[in-house]
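J.: Chains as they are written, first to last, in this note's numbering: chain A, 1 to 465; chain B, 1 to 465.
Any given hint could be a false lead.
A pair holds if it fits inside one copy or across any two, identical chains being indistinguishable in the list.
[Said to hold, decoys possible] In silico SDA-like pairs for lysine to any residue, Cα to Cα no more than 25 Å straight-line:
id, residue 1, residue 2
1, K263, H391
2, K373, L395
3, K263, G424
4, K176, G357
5, K452, Y185
6, K373, T208
7, K123, G98
8, K266, P393
9, K373, H391
10, K373, V394
11, K183, S409
12, K373, P393
13, K243, K452
14, K266, V394
15, K93, D267
16, K183, Q111
17, K93, H152
18, K373, D392
These are computed hints drawn from the structure, not numbers from a lab.
Note that the structure is a prediction, hence the values are computed from the model and not measured.
There are 2 protein chains.
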Amino acid sequence: MKKSADSDELSSRKFGLSQLQELEARLLHLEQRDPSSPYYRGSDPVSLPHGMPPRRRFMLGAMAALGTAGAHSAATAATPGAIERTVPPDATKIQGVGVAVDDGGYGGRSQFETEVRTRYATKTTESSWSFTPLQNSMGIVTPSGLHYERHHGGIATIDPTTHQLYVHGMVKQAKKFSIAHIKRYPMLSRLMFMECSGNGLTEWAKPTLKTVQGTHGLTSTSEWVGVPLSTILNEVGLRPGAKWLLAEGGDAAVMTRSIPIEKAMKDCLLAYGQNGEAIRPEQGYPLRLMVPGYEGNMAIKWLRRLEISDTPFMTREETSKYTDLMPDGTALQFSFLMEAKSVITYPSGEMLLQEPGFYEISGLAWSGRGTIKRVEVSVDGGKNWRDAILHDPVLPICHTRFTLPWEWSGQEAILQSRCTDETGYVQPTIKQLADERGLSSVYHLNGIQSWKVAASGEVSNVHHY
Amino acid sequence: MKKSADSDELSSRKFGLSQLQELEARLLHLEQRDPSSPYYRGSDPVSLPHGMPPRRRFMLGAMAALGTAGAHSAATAATPGAIERTVPPDATKIQGVGVAVDDGGYGGRSQFETEVRTRYATKTTESSWSFTPLQNSMGIVTPSGLHYERHHGGIATIDPTTHQLYVHGMVKQAKKFSIAHIKRYPMLSRLMFMECSGNGLTEWAKPTLKTVQGTHGLTSTSEWVGVPLSTILNEVGLRPGAKWLLAEGGDAAVMTRSIPIEKAMKDCLLAYGQNGEAIRPEQGYPLRLMVPGYEGNMAIKWLRRLEISDTPFMTREETSKYTDLMPDGTALQFSFLMEAKSVITYPSGEMLLQEPGFYEISGLAWSGRGTIKRVEVSVDGGKNWRDAILHDPVLPICHTRFTLPWEWSGQEAILQSRCTDETGYVQPTIKQLADERGLSSVYHLNGIQSWKVAASGEVSNVHHY
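Isolated chain A (complex conformation):
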């Protein structure tokens, strides 16, 4: 078969099922007039009383398949992740799409839902990141298709049947583990947030990005599933004096970070699952090291090697990168922990409140140290604070959803949220952080976000103290 002008037309969105339906009708008409046809109805055919004959049903199936197929070239541009379907004027008057007819048994989202993770305009797409659209977030789980990304050499594509994890160094017995082997060990699942230490990096000096997707979208929550790292470390046996562990990725960046053994034994996870299925390729398929509450870059993706040592490895990512430059010229190194942080996701930047009246303020809070104990919300730029409602489940090292009912008077308002975690740590203002750390450091901004609601209802990103 070769490509024709017609198929170009077809793959463009103009191609309609209506044309195939017209063909379908014509075929039925002709069949009913053909004395040799099993569907012959004499000279004055009427509608088939018993529904479509089998061949007709196949044809409808083919149309549904076309719908998908058309959607795949079209929808990749129009609605990523969706299966494009014909929208009938009244869905009660026409049979719907059958089970597993056009999705192959794995569903996609609605073609009307167009939110995507957006890429930050880095020079290359391989060393880049994309933000989760938090403005539309609901509950605490981030859909896997919208989980934020940060890659240093692009997404590695790895065959899980040949991939291995090599564990060596100061161990009693160096070992290689296949993915199948790792899956044999007792499994642990945990709803957890991740956050890039660069989340908000543009916002230190002045408000820059316009939406909460830009200012805070480098954090997401999934149910991560895997084997406790301690299980594997116990399996190889740590030698006396083992203090650090190097984790190495199998991507083009060969991403490497040093992790204290104490943390590794406490709660790190060799994750092969995310939200009930295999970890997604862009999250490190087939194996990722989860380091709960620590900065995202330490959660090495496409994990292929763990080396045990008595000292840290001083890799590029903990010397040249991912250190915090202080005003006196020194740098904080190994600043692993992601401190408590919160943000109002609704209303947020670039939204428009149509009219005064009731709004439910909603947002997310999280802490690398454990559980969120309290979130306060101010609608007057920090003069007065009210306790927000924390929604179940409130889990350690996990996004927590908070809400607060708000009656907007129609006057200018500054919305802020401030969280407190189980250690008593209170989220600071951006100014407090900048005063202490200066403006040379781009990482670990966890200050209070301010959204200005103008009298016009327009919401914008501001700094307000």
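For this one, chain A is given, so just place chain B on it according to the hints.
T.: Relative to the frame of chain A, chain B by itself:
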């Protein structure tokens, strides 16, 4: 775009290209015999000398589109939901795929992960169901793409900008709500299981389906997000004497069920979100009524109408269908609640244990009445039971993950799990249920599942008491 041999193969395999060609030939044959057709060739038609007429070219175009689409997303045919990528011999030696380069900002799963929800072989695809592949389940969240389905008239495709929910009957003020309007009310999110009352319907008399996907796959867990139904009912105002509520879907089946007002006010949810994004089309986009702990068919999808009354509505789905026929010829009606149930998902039917040694038994437990308090596991067909570990979070009306370490001796073993919920209800055996209810009823099978591990390591579905 160019066609490849692969895509020919794919499209012919998945879409039955040969069948479309056969249809094409049949249509041509009939057109040529129809005196009213522009393509009429008299009584002895021969091949068209000048090639296909325009309509035929359209048809071929349609076929080409099928092929093209197959080529674009070979993965869609081979691996639904995946983005097909080249697998380099060593991913560290070549730049990976850039951010948002080939996925449009919405990611898919790995091309190596092929599990799908499988359709039960019903006569039509529109009134049918598909099962979640529980054998590979991890943690508690079901990926939205693998959530089980049960449709009575296919998946309705609905434009959310025009869709409305009409609430009327014994109310003070009948009202129509747009989706945007509903989203303005305070939001509630909740991790919850759903289960079809027909889950396991083939298993009453004897073991029938071979895998846990078949025996138990009509249950899934998502984080559902929406507005409490009580909010909307308070908004319209219930009139004195209001006792029942009719929920009606906007699909071709116009699916309807009666729900007690007490339940509606207690914990029902008008859900527009699932796992952090809009509810999926096959789960009722843009609006579904969640009825926590009650049989899945009451969770009306594509919800368009709520009518308040003082009596139940006696719809088809609560008279002819979804009643439980008892041995004495009477039927249980309005048997809403899904009682406590558990199942071992690993090891389970059709799996093969390669060798004696360590295995972690893993499974799911849930109860429509609330929280799971205990799961016991037996490896000797119920003679001895051990308490399994319940994994956090243990939430009410939600799947709970349990595990138990097991050293398989290599001898025949019968694996069973038995759960107890917060009310003290203990999951019965299938025999206890059958003795009480007979075998005329197909719904509400929540008996203990038995998996036989043969000395060969083969795992199979058995009944064992």
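J.: Now, for every hint given, state plainly whether the structure supports it.
T.: Evaluated hints:
In this homomeric assembly, K263 and H391 come within 25 Å of each other (Cα to Cα) only across copies, at 21 Å, whereas the closest approach inside a single copy is 29 Å. For the homomeric pair K373 and L395, the shortest alpha-carbon distances inside one copy (10 Å) and between copies (19 Å) are both at most 25 Å. For the homomeric pair K263 and G424, the shortest alpha-carbon distance inside one copy (21 Å) is at most 25 Å, but the shortest distance between copies (40 Å) is not. In this assembly of identical chains, K176 and G357 lie within 25 Å of each other by CA distance solely across copies; the values are 19 Å between and 61 Å within a copy.
Only between protomers do K452 and Y185 lie at most 25 Å apart by alpha-carbon distance; the minimum there is 22 Å, versus 51 Å within a single protomer. In this assembly of identical chains, K373 and T208 lie within 25 Å of each other by CA distance neither inside one copy nor across copies; the values are 30 Å within and 50 Å between. In this assembly of identical chains, the alpha carbons of K123 and G98 lie at most 25 Å apart only when taken from different copies (11 Å versus 45 Å within one copy). Both within a single protomer and between protomers do K266 and P393 lie at most 25 Å apart by alpha-carbon distance, with minima of 23 Å and 19 Å respectively.
When the C-alpha separation of K373 and H391 is checked against a cutoff of 25 Å, the pair qualifies both within a copy, at 11 Å, and between copies, at 22 Å. In this assembly of identical chains, the alpha carbons of K373 and V394 lie at most 25 Å apart whether taken from the same copy (9 Å) or from different copies (20 Å). In the homo-oligomer, the alpha carbons of K183 and S409 lie at most 25 Å apart only across protomers (20 Å), although the nearest pairing inside one protomer, at 56 Å, exceeds that limit. With identical chains, the CA atoms of K373 and P393 are at most 25 Å apart both within one copy (12 Å) and between copies (17 Å).
Taking the shortest alpha-carbon separations for K243 and K452, neither the intra-copy value of 48 Å nor the inter-copy value of 46 Å comes in at or below 25 Å. In this assembly of identical chains, the alpha carbons of K266 and V394 lie at most 25 Å apart whether taken from the same copy (21 Å) or from different copies (22 Å). Within a single copy, K93 and D267 get their C-alpha atoms no closer than 54 Å, and across copies no closer than 32 Å, so neither meets the 25 Å cut-off. Taking CA atoms no more than 25 Å apart as the test, K183 paired with Q111 passes between copies only; the shortest distance there is 19 Å, against 36 Å inside one copy.
Taking identical chains as interchangeable, the C-alpha atoms of K93 and H152 lie at most 25 Å apart only when they sit on different chains, with a minimum of 13 Å there against 51 Å within one chain. Taking the shortest Cα distances, K373 and D392 sit within 25 Å of each other both inside one copy (12 Å) and across copies (19 Å).
In summary, the structure is inconsistent with hints 6, 13, 15 from the numbered list given earlier, while agreeing with the others.
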